[in-house]
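Engineer: The listed protein sequences correspond, in order, to chains A and B.
Number 398 in this note's numbering belongs to position 62 of the first sequence; there are no gaps in the numbering.
Number 365 in this note's numbering belongs to position 353 of the second sequence; there are no gaps in the numbering.
These are calculated hints, taken from the structure and not from any lab test.
It is possible that part of the hints are untrue.
The calculated DSSO-like cross-link candidates involving lysine-lysine, where the alpha carbons are at most 27 Å apart (straight line), are [what the hints assert, rightly or not]: (1) K163(B) <-> K115(B); (2) K161(B) <-> K431(A); (3) K163(B) <-> K362(B); (4) K44(B) <-> K115(B); (5) K431(A) <-> K163(B); (6) K115(B) <-> K161(B).
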Amino acid sequence: MIKMEYYLVVSTILMFVGIYGFVTRRNLLAMLISVELILNSVDINFVVFNRFLFPEQLEGFFFTLFAIGVSAAETAVAIAIIINIYRNIRNIEVKNLREMKW
Amino acid sequence: MDYTTIFPLMRAELTLTAILILLFLYDLLAGKRGRRWFSAVACGLLAVQVAVNLIPGPEGELFGGMFRYAAMDGVVKSVLSIGALIVCLQADQWLQREDTCHKQGEFYILTLSTLLGMYFMISAGHFLLFFIGLELASVPMACLVAFDKYKHHSAEAGAKYILCALFSSGLMLFGISFFYGTTGTLYFDDMAARLTGSPLEIMSMVFFFSGLGFKISLVPFHLWTADAYQGAPTTVTSYLSVVSKAAAAFVLFTTLVKVFAPLVEEWQTLLWVVTVLSITVANLFALRQRDLKRFMAFSSISQAGYIMLAVIGGSAQGMTSLVFYVLVYLAANLAVFGVLSTVEQHSGGKVSLEDYNGFYRTNPRLAVMMMLALFSLAGIPPFAGFFSKFFVFAAAFRAGFYVLVFIALLNTVISLYYYLLIVKAMFITPSDEPIAAFRCDGYTRLSLALCMAGVLLLGVVSAVYDGINAFAFGL
Chain A
337 MIKMEYYLVV STILMFVGIY GFVTRRNLLA MLISVELILN SVDINFVVFN
387 RFLFPEQLEG FFFTLFAIGV SAAETAVAIA IIINIYRNIR NIEVKNLREM
437 KW
Chain B
13 MDYTTIFPLM RAELTLTAIL ILLFLYDLLA GKRGRRWFSA VACGLLAVQV
63 AVNLIPGPEG ELFGGMFRYA AMDGVVKSVL SIGALIVCLQ ADQWLQREDT
113 CHKQGEFYIL TLSTLLGMYF MISAGHFLLF FIGLELASVP MACLVAFDKY
163 KHHSAEAGAK YILCALFSSG LMLFGISFFY GTTGTLYFDD MAARLTGSPL
213 EIMSMVFFFS GLGFKISLVP FHLWTADAYQ GAPTTVTSYL SVVSKAAAAF
263 VLFTTLVKVF APLVEEWQTL LWVVTVLSIT VANLFALRQR DLKRFMAFSS
313 ISQAGYIMLA VIGGSAQGMT SLVFYVLVYL AANLAVFGVL STVEQHSGGK
363 VSLEDYNGFY RTNPRLAVMM MLALFSLAGI PPFAGFFSKF FVFAAAFRAG
413 FYVLVFIALL NTVISLYYYL LIVKAMFITP SDEPIAAFRC DGYTRLSLAL
463 CMAGVLLLGV VSAVYDGINA FAFGL
């Protein structure tokens with residue numbers, strides 16, 4: 337059987353890829369995708385801990401289900417806002433979103 | 013399960029949900045003529061909700077400990093409801109405009125659903141309910157920030173807000189997942205008993221802190237604040253700066269003290285650094301602002317730092333002073349935003365500091381109210397802000413954070429300087445074309461009167477502090 341540590345390495349890499357992407361990407365959709373990577377790494381963590389450490393209960397699985405549902409709702413709102421920006425300025429590059437600064 | 017126990021414990025949540033459904037149906041069925049009375053209906057229902065929940069009920073827990081109700085939770089929920097009521101009163105003149113009047117229903121429903129999320133967040137006894145409450149409080153908030161669809165600023169602010177919110181809730185969930193891995197439970201009480209203080213748990217605690225730090229906009233997590241405050245409609249900004257912040261601060265207190273009690277050394281160090289940074293950095297940035305909404309954003313970040321002074325001791329005294337501080341801050345800040353938003357509506361969008369030159373000559377009453385509220389924010393006696401700051405400092409001082417209290421005291425002097433800048437602009441600096449004199453409508457007057465009563469009376473009438481204090485025991 338694959339050991340728990342391997343899963344955790346994958347989820348941690350996913351987490352930091354997400355953070356790196358969020359900081360370096362210059363397109364709103366790409367930033368949104370990076371955030372989704374972070375949320376997915378969390379889901380993996382919960383499922384792995386539940387499966388390997390506490391297999392007699394289901395708390396982690398349920399948390400994952402709820403986290404997926406909530407993050408879908410968040411993504412829907414974020415995309416709606418991004419579409420609204422596209423309608424206003426025909427562009428979703430971050431460099432055009434700096435009318436308000438400092 | 014006994015259903016008769018649900019109503020007394022979930023009274024605030026159930027009444028608020030009922031109001032949400034009623035408003036939704038009213039929006040659907042009222043038609044064009046009925047919509048004119050929308051704010052009267054909404055504010056009336058909300059006032060009833062405040063009245064029903066004013067007296068805290070018996071304590072207890074529901075759903076196997078997922079939902080807990082303590083008397084202090086009831087007090088905080090009432091404070092938040094009062095804040096939401098005042099915001100709704102101030103919203104009317106903005107919502108009656110041609111371009112927004114067809115969206116009134118959306119405004120009230122979104123606002124009240126964030127309030128519902130905060131209620132659940134406050135009463136959560138399990139990280140799942142806590143997480144859902146937090147998201148219910150922040151996702152509709154992003155819609156509210158981006159409410160002015162056709163204004164570029166509003167859309168930009170909404171994008172910044174939702175992306176930062178997603179990012180910080182991702183970090184927070186990452187922290188919670190490792191707590192689950194080390195303790196095997198997500199219930200607050202069980203987790204507090206099983207925490208050992210291992211390095212992994214300390215790291216998770218820091219991740220968790222970032223999620224709430226974002227909502228309170230403490231300094232390393234504050235970068236969205238000024239932009240979202242400036243771009244959002246002014247009414248939404250006032251809601252964001254008071255109600256949302258107050259709920260998150262209270263929840264931070266309860267989770268740190270109740271769940272993370274074994275890590276007390278670590279979170280006190282963390283909070284120490286964050287408090288000093290919040291107060292100082294925000295004060296320095298506030299000095300150079302010319303847009304008043306942006307200015308109030310930095311002012312609210314530094315006020316959040318002062319609220320953290322109440323958290324750091326983790327005592328019952330800290331709890332009382334936190335709730336009292338939040339109540340006083342609510343009155344003063346909503347008064348300032350009430351004046352800002354009514355001026356913005358009547359003058360065609362003037363919000364910068366220069367526009368307020370000579371404001372006293374044309375609108376003396378509004379100028380005096382704004383001055384009193386700013387004095388309260390700066391902490392000048394005999395206004396309520398002085399007493400709330402005093403109690404917060406006393407709580408931190410008794411817990412032994414002398415240096416921290418000293419730094420905070422120094423910072424009150426800086427904050428006094430920039431609050432007085434506005435007072436100087438209104439009363440002393442002459443202007444060739446000041447904002448023309450106008451009369452505000454009844455809703456705004458009522459809300460400003462409520463805020464002024466808070467600013468003038470909350471500090472002097474000691475029964476308020478004693479009343480809150482009576483519920484803070486048993487921490």
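Engineer: Hints first: check each against the structure and report whether it holds.
Structural biologist: Hint check:
1. At most 27 Å may separate the alpha-carbon atoms for a hinted pair to count; K163(B) and K115(B) meet this at roughly 15 Å.
2. Of the pairs offered as hints, the one joining K161(B) and K431(A) holds, with about 20 Å between alpha carbons and a cut-off of 27 Å not exceeded.
3. Distance restraint check for K163(B) and K362(B): the Cα-Cα separation of roughly 15 Å lies within the 27 Å cut-off, and the hinted pair is therefore satisfied.
4. Using a Cα cut-off of 27 Å, the hinted pair K44(B) and K115(B) holds, with the two alpha carbons roughly 12 Å apart.
5. A threshold of 27 Å between alpha carbons decides the hint, and for K431(A) with K163(B) the separation of about 18 Å falls inside it, so the pair holds.
6. For the suggested pair K115(B) and K161(B), the alpha carbons sit about 11 Å apart, so the restraint of at most 27 Å is met.
Checked against the numbered hints above, the structure violates none of them.
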